[in-house]
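*Asks:* Here are the chains, one letter per residue:
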Amino acid sequence: MSDVFLVGNGAGFSGDRVDAPIPVVRTLIQRGLPAALFFEVLGERTVALAQLERRANPEAGYEPMLERLLAPVLADCFNNRIPILGNFGAANPPAAARCIARLALRLGLPNLRIAVVAGDDVMGSIALDQLPVHEADGSIDTRSARLIAANAYIGAEPLVAALKAGADVVVAGRTSDPALAIAPLVAHFGWSLDDWQKLAVGAAAGHLLECGSQVTGGVFWDPGRKDIPDPANIGFPIAEVTRDGGLIITKAVETGGLVDLRTIKEQLLYELHDPAHYITPDVVLDISACHIEQVGKDRVAIHGLKGEPAPESLKVTASFEGSWLGEGEVSVSGPNALARAKATADVLLQRLKLRGLPVRARVDLIGVASVHDSDDGALWRSYEGPEPLDIRIRLAAEGATRDDVDQAAREVLALLCCGTAGTGGARWRVTPRILTRSYLVLCERVPTSITTRTAQEIAA
Amino acid sequence: MSETVELPLYDLAHSRAGDKGNRANLSLIPYRPELYPILAEQVTEERVLALFAHRGATRCRRYDLPLLHAFNFVVDDVLEGGVNASLNLDGHGKTQSFRLLALTVRVPRHLAP
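Going down the list, the protein sequences come from chains A and B.
Read in order, the letters of the first sequence correspond to residues 13 to 472 in our numbering.
Read in order, the letters of the second sequence correspond to residues 278 to 390 in our numbering.
Rather than coming from a laboratory, the hints here were simulated on the basis of the structure.
Fair warning: there could be bad hints in the mix.
[To be verified] Far from chain B, by Cβ distances over 12 Å, these chain A residues were calculated:
hint	residue
1	I34
2	I41
3	R110
4	P144
5	K176
6	I260
7	G368
8	E399
[Claimed, not checked] The calculated label-pair distances, taken between Cβ atoms and stated as ranges, are:
hint	chain 1	residue 1	chain 2	residue 2	range
9	B	P385	A	R393	34 to 40 Å
10	B	P343	A	D239	24 to 30 Å
11	A	P444	B	P314	46 to 52 Å
12	B	A389	A	Q42	41 to 47 Å
13	B	R386	A	P243	29 to 35 Å
[To be verified] Dumping the calculated DSS-like pairs for lysine-lysine here, alpha-carbon to alpha-carbon at most 30 Å:
hint	chain 1	residue 1	chain 2	residue 2
14	B	K371	B	K297
15	A	K238	B	K371
16	A	K327	B	K297
17	B	K297	A	K238
18	B	K371	A	K327
19	A	K318	B	K371
For every residue, glycine included, the Cβ atom is placed at its ideal position computed from N, Cα and C.
All chains should be built: construct the whole structure from the sequences, respecting the hints.
*Replies:* Below, the structure is given as structure tokens:
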């Protein structure tokens, strides 16, 4: 049985259910097999938002739910030798480590070893304008845009080193998501970092687990069509991996949700482009010849994964201060709501023109057409009925200055008196936008390092 | 060919959408393997691109996964600039899977649910 290693996932994004790790850890302990737990909480822009928080408060800038996520499971993981890995360090891994150290001391775990991974933050070390651009938001003028953050998606290597150094918790900033699952497998089985077949299995496990419940019924369930048990209590996923590269996906016991061929297929293809080239810093995964098999209740085996050598470059995502976004919403309901909503939309756009506000604007009729529509409202403008029960009219306006955008959004507020009969429920807000651009940088230009200390040493 | 019926993809398949910048990927997964060749013939890159023409989509590429009985559509420039630039409430385009599922196809009556 020692040939099987379990990798559990405790979070799939910043904002995930904070009680999700508890049944995962309970299951890992019940199984009695060597295991690790990882948390993936960094979306593309999350590091930039965290960097802005760090600017305002030097002890902030890491995953805000970190303590809530770890408090119920940290002692159990430590006592059962289940290492925890996470990119929950975000823009400030040392501060995240201090938070975990304080928590550990409170839980009576002064000897908990916490590793901090450094090197992903390349803001000060690499001149971005010399790098080839990988993906870009068209609207960035990098000569004038102010840089907020630049982080490389680093691979499993430093995480493996941290685990081999005896870390109980590995705190990283930006890593590739699959690296968080690859690392404990490499550390446990002693796989070589150029054993592409094995790393492909690790990358597939990471890819399937990195969004948490998305492989166990989350964003899958569809009442009456694709029902799942107890959607209020979806169990988070666990990968069972064997030394020779077998992979089964299952989930925490005594939870809701499910693992079947449908959930696996949806998550396997999620955010994938060419199925033969899923690029990670550790391996290029090829799922084009992959097939899957239900091998038990909530157990699916993945076969036929292939790996190609890792790329020579890492992806660096840089975030810049962007424009401002203003949004305002009001509701209409009952007889003639559709005509009132359409007229309100036209009046809002007319008001922005009358006032000469330099903004790009869009109106949605929520309840008629919004998220599937275009900026010119092609779908709601052509909609004739039937009459919806109620409609929420949303204005979105983007511009270079906060004031212009605020003035645009406040035109929605003014509808409380100037709008059609029966207009109510106004809300408006203004938020800064972040623009991102991705570059490719040679791996050797992104050196990484780890620092491992006990909770007691960190807190001292 | 036997008698056919026209149905939305929703009755025959499921889908999930993901994003990378201004590009979306939409999986399309028939519930029954027998439907795979029928969808392969009828859910073409052209038809999927047309579905998102009003949002400025410029290109659609379909990747076929016959062993998984699934398709992966990659649609360029469909997210109105992507999450950082779009004025859409759903800048990630996660809801677009259900626009794909509203597309209709003709299937033999015995394969209809």
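*Asks:* All hints, please: hold or fail.
*Replies:* Here is what the structure says about each hint:
1. No beta-carbon of chain B is positioned within 12 Å of the beta-carbon of I34 of chain A; the least distance is around 27 Å.
2. Here I41 of chain A stays apart from chain B, with its beta-carbon at least about 32 Å from theirs, past the 12 Å limit.
3. Residue-level check passed: R110 of chain A sits 31 Å from the nearest beta carbon of chain B, beyond 12 Å.
4. Every beta carbon of chain B lies more than 12 Å from that of P144 of chain A, the smallest distance being close to 16 Å; the non-interface claim holds.
5. Consistency note on K176 of chain A: stated as away from chain B, and its beta-carbon is indeed over 12 Å from all of that chain's, at 33 Å minimum.
6. Non-interface call for I260 of chain A relative to chain B: holds, since the shortest CB-CB distance, roughly 17 Å, exceeds 12 Å.
7. Chain B leaves G368 of chain A outside its interface by the beta-carbon criterion, the shortest separation being 19 Å against a cut-off of 12 Å.
8. Listed as outside the interface, E399 of chain A is consistent with that label: its C-beta sits roughly 21 Å from the nearest C-beta of chain B, beyond the 12 Å cut-off.
9. For P385 of chain B paired with R393 of chain A, a C-beta distance near 38 Å keeps the hint of 34 to 40 Å intact.
10. Between P343 of chain B and D239 of chain A the C-beta distance comes to about 28 Å, which sits within the given range of 24 to 30 Å.
11. The hinted window of 46 to 52 Å between P444 of chain A and P314 of chain B holds, with their beta carbons roughly 49 Å apart.
12. Between A389 of chain B and Q42 of chain A the beta carbon distance is about 44 Å. The supplied range of 41 to 47 Å therefore holds.
13. The hinted window of 29 to 35 Å between R386 of chain B and P243 of chain A holds, with their beta carbons roughly 33 Å apart.
14. Distance hint between K371 of chain B and K297 of chain B is fulfilled; the C-alpha atoms sit about 11 Å from each other, no more than 30 Å.
15. For the hint pairing K238 of chain A with K371 of chain B, the CA-to-CA distance comes to about 17 Å; that is within 30 Å, so the pair holds.
16. For the suggested pair K327 of chain A and K297 of chain B, the alpha carbons sit about 13 Å apart, so the restraint of at most 30 Å is met.
17. For the hint linking K297 of chain B to K238 of chain A, the alpha-carbon distance of about 26 Å falls within 30 Å, and the restraint holds.
18. Proposed proximity of K371 of chain B and K327 of chain A is supported: the alpha carbons are some 24 Å apart, at most 30 Å.
19. For the hint pairing K318 of chain A with K371 of chain B, the CA-to-CA distance comes to about 28 Å; that is within 30 Å, so the pair holds.
The earlier numbered hints are all upheld by this structure, with none contradicted.
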